[in-house]
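Asker: Given the sequences, and given the hints that come with them, work out the whole structure.
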Amino acid sequence: MALGLYSYWVVIVLMMAGFYIVIASSNLIKKIAGLNIFQGSVFIFYISLGKVEDGTAPILASGYESYSNPLPHVLILTAIVVGVATTALAVALVARIHDAYGTIEEDDIHGQDESL
Amino acid sequence: MIAANLPALQVVLPLIAAPLCLLLRREWAAWTLATAVSWMCLAIAVLLLDQALHVGPIRYFMGGWAPPWGIEYRIDALNGFVLLLLCAIAAVTLPYARRSVLEEIGRERAYLFYTVLLLCFTGLLGITATGDAFNLFVFLEISSLSSYILISMGRDRRALTASYQYLIMGTIGGTFVLIGVGYLYAATGTLNMLDLADRLAAISDSRTVRTGYAFILVGLSLKLALFPLHLWLPNAYTYAPSAVTVFLAATSTKVAVYAMLRFAFTVFDVSHAFGDIGLSRILLLLAAAGIVFASITAIVQSDVKRSFAYSSVAQVGYMILGIGLLNLPGLTGGIAHLFNHALAKGAIFMALGCIALRLRSVQLQDMAGIGWQMPWTMGALVIGGLSLIGVPLTAGFISKWYLLLGALEQEQWLLALLILGGSLLAVIYVWRVIEAAYLQPAPARQAPVQEAPLGMLVPTWLLALANLYFGVHTEVTVGVASQAARLLLGAAS
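Just so you know, the sequences run in chain order S and W. Taken in order, the first sequence gives residues 1 to 116; the numbers are from our numbering. Taken in order, the second sequence gives residues 117 to 609; the numbers are from our numbering.
In case anyone wonders, no lab produced these hints; they're calculated from the structure. Keep in mind that a hint or two might mislead.
As the list claims (entries may be wrong) - Pair by pair, the computed Cβ-Cβ distance ranges are:
hint: 1; chain 1: W; residue 1: Ser322; chain 2: S; residue 2: Ser66; range: 21 to 29 Å
hint: 2; chain 1: W; residue 1: Thr148; chain 2: S; residue 2: Thr78; range: 29 to 37 Å
hint: 3; chain 1: W; residue 1: Val588; chain 2: S; residue 2: Ile44; range: 51 to 59 Å
hint: 4; chain 1: S; residue 1: Gly111; chain 2: W; residue 2: Leu605; range: 48 to 56 Å
hint: 5; chain 1: S; residue 1: Val84; chain 2: W; residue 2: Arg397; range: 36 to 44 Å
hint: 6; chain 1: W; residue 1: Leu138; chain 2: S; residue 2: Gly111; range: 31 to 39 Å
hint: 7; chain 1: W; residue 1: Arg602; chain 2: S; residue 2: Gly111; range: 51 to 59 Å
hint: 8; chain 1: W; residue 1: Asp272; chain 2: S; residue 2: Ile12; range: 49 to 57 Å
Unchecked claim - Under the rule of at most 20 Å between Cα atoms (straight-line distance), these lysine to any residue pairs were calculated in the SDA-like manner:
hint: 9; chain 1: S; residue 1: Lys30; chain 2: S; residue 2: Gly40
hint: 10; chain 1: S; residue 1: Lys51; chain 2: W; residue 2: Gly305
hint: 11; chain 1: S; residue 1: Lys51; chain 2: W; residue 2: Ala303
Note that CB positions come from ideal geometry on N, CA and C, so glycine has one too.
Answerer: Here it is in structure tokens:
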């Protein structure tokens with residue numbers, strides 16, 4: 001039973017790993033990578049929600065009775081777009097931070113600005 | 117034809133205007149378009165609220181697809197009120213923004229500013245208008261992404277790090293909401309809020325639903341800067357361009373509070389959520405801690421903008437207090453405070469923007485004697501400050517009064533004391549500014565400081581006078597807020 005839901009285990013491991021990287025890493029780019037892993041785990045979670053046991057792709061065809069639910073997949077397409085936009089914006093910000101501070105290490109940035 | 121499509125137009129109008137601003141490129145054209153759109157949105161919001169109050173909730177099916185398959189927009193007393201607030205703030209911020217943006221962002225990049233501001237406005241309106249849980253997440257991200265950009269436009273390089281910090285925390289918050297919505301979808305198979313409410317009532321004991329609820333509440337708490345998840349807010353407000361601080365301080369946390377109200381009362385069964393899980397106690401505790409901690413932090417800041425940013429965290433605490441009290445006066449006070457605090461903070465940050473324009477600083481020591489050199493600007497700031505404290509005859513008094521009534525009705529004496537104590541702390545951090553501005557001698561400068569330009573003073577004073585108006589004429593705010601509170605509590609019983 002527990003193994004049958006292995007995709008959810010994958011989700012939990014990825015989610016925690018991503019979250020940990022965001023919190024623990026002081027490199028701004030690594031934080032973004034962690035954020036991506038964190039978001040990716042949620043995408044996998046949604047996609048596995050839509051899977052119906054023995055169901056096939058949701059295209060009407062003779063000989064198939066059971067179909068997977070396409071709605072979570074469509075939802076997650078939107079969320080992936082949001083994720084890509086967030087990543088692009090974050091990377092652009094890091095580039096600007098690098099221009100302004102000459103570093104992308106959080107500790108060095110804090111050192112340069114005493115108030116943060 | 118147009119009247120029937122008002123709920124869609126409310127959100128679509130700024131969404132279409134945003135790329136148009138990008139194409140126009142000229143500063144004056146982009147500003148004119150953005151301002152015109154914000155005024156049209158205000159007119160629409162007035163019509164929608166009027167209809168929602170007198171005819172009943174408006175249901176609008178996007179593209180004619182009936183819910184639960186299609187996306188539904190649903191306007192009732194609560195979100196009609198929030199829509200009105202958003203549009204009113206946008207309608208006064210845009211005229212104000214022009215001079216401030218020219219100064220702080222520059223003529224070449226101004227059209228980009230208006231594009232992103234309109235996108236942010238779209239996102240906030242969308243969160244408020246929609247009746248679909250996933251749609252809410254999408255609009256939440258639209259408004260968040262655009263506010264990260266707006267904040268990063270600040271002159272100080274620390275605006276970049278503040279924006280980055282907000283991006284990380286905001287994305288975690290947004291993703292938490294996404295996870296929560298996923299759990300609810302897994303449990304019910306629907307995303308429409310009313311449909312969710314119907315189906316959740318039967319299975320509210322399931323662990324899936326509870327976990328989903330927790331994820332959504334924590335995600336939204338990050339967005340609304342509930343103590344101790346407020347860490348992104350002070351830097352973001354301090355280093356953002358003045359016009360952005362005005363707009364975000366008056367709208368974005370308020371919309372997140374609205375979303376929390378919507379989930380806590382409409383989507384979830386309130387008696388279950390608050391009774392079994394003890395949410396009420398958690399919210400009251402965090403709100404109380406936020407009021408005390410953030411107010412004290414506000415007192416020791418040397419940057420006045422940062423001081424009022426911390427005050428925003430404290431005032432969010434008051435709104436959450438209203439939710440946690442869970443009775444009619446408390447909730448009325450919370451919803452009214454959402455509106456009144458936006459007016460007070462809007463006026464204060466506008467006045468600080470005027471000072472930043474003339475003085476190029478909002479440090480407390482630089483503001484010595486400024487009250488005599490910029491009498492109109494400081495006058496508006498004082499009115500805003502009085503409203504923030506909750507002095508009678510100002511808007512802030514009304515909402516704090518109802519919160520107090522709510523606390524007394526629950527016989528929560530400690531909370532009642534805390535509401536009054538929070539106001540006393542507000543007296544201290546507002547008084548510091550007044551003392552510096554009026555009682556300290558102005559330092560010798562080469563050129564005397566001029567009063568702010570009229571284009572910025574008029575919107576500032578509009579908001580300041582609104583604080584006085586709504587402090588005397590309470591029918592609108594309290595009337596609508598109590599109707600909204602009744603709606604939320606009624607849906608529960």
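Asker: Hints first: check each against the structure and report whether it holds.
Answerer: Quick rundown of the hints versus the structure:
1. At about 25 Å, the CB distance of serine 322(W) to serine 66(S) agrees with the hint of 21 to 29 Å.
2. Judged by the Cβ atoms, the range 29 to 37 Å given for threonine 148(W) and threonine 78(S) holds: they are separated by roughly 33 Å.
3. Between valine 588(W) and isoleucine 44(S) the CB atoms are about 56 Å apart, so this pair conforms to the stated range of 51 to 59 Å.
4. The beta-carbon spacing between glycine 111(S) and leucine 605(W), approximately 51 Å, falls within the hinted interval of 48 to 56 Å.
5. One distance hint, 36 to 44 Å for the beta-carbon pair valine 84(S) and arginine 397(W), holds here, with the actual separation near 40 Å.
6. Checked against the hint of 31 to 39 Å, the pair leucine 138(W) and glycine 111(S) passes, with Cβ atoms roughly 38 Å apart.
7. Distance hint check: the CB atoms of arginine 602(W) and glycine 111(S) are about 54 Å apart, consistent with the given range 51 to 59 Å.
8. At about 40 Å, the CB distance of aspartate 272(W) to isoleucine 12(S) disagrees with the hint of 49 to 57 Å.
9. For the given pair, lysine 30(S) sits about 15 Å from glycine 40(S) by alpha-carbon distance, which is consistent with the 20 Å threshold.
10. Between lysine 51(S) and glycine 305(W) the CA atoms are separated by roughly 13 Å; this keeps the pair inside 20 Å, and the hint holds.
11. Proposed proximity of lysine 51(S) and alanine 303(W) is supported: the alpha carbons are some 14 Å apart, at most 20 Å.
In this structure, only the earlier hint numbered 8 is contradicted, and the remaining ones agree with it.
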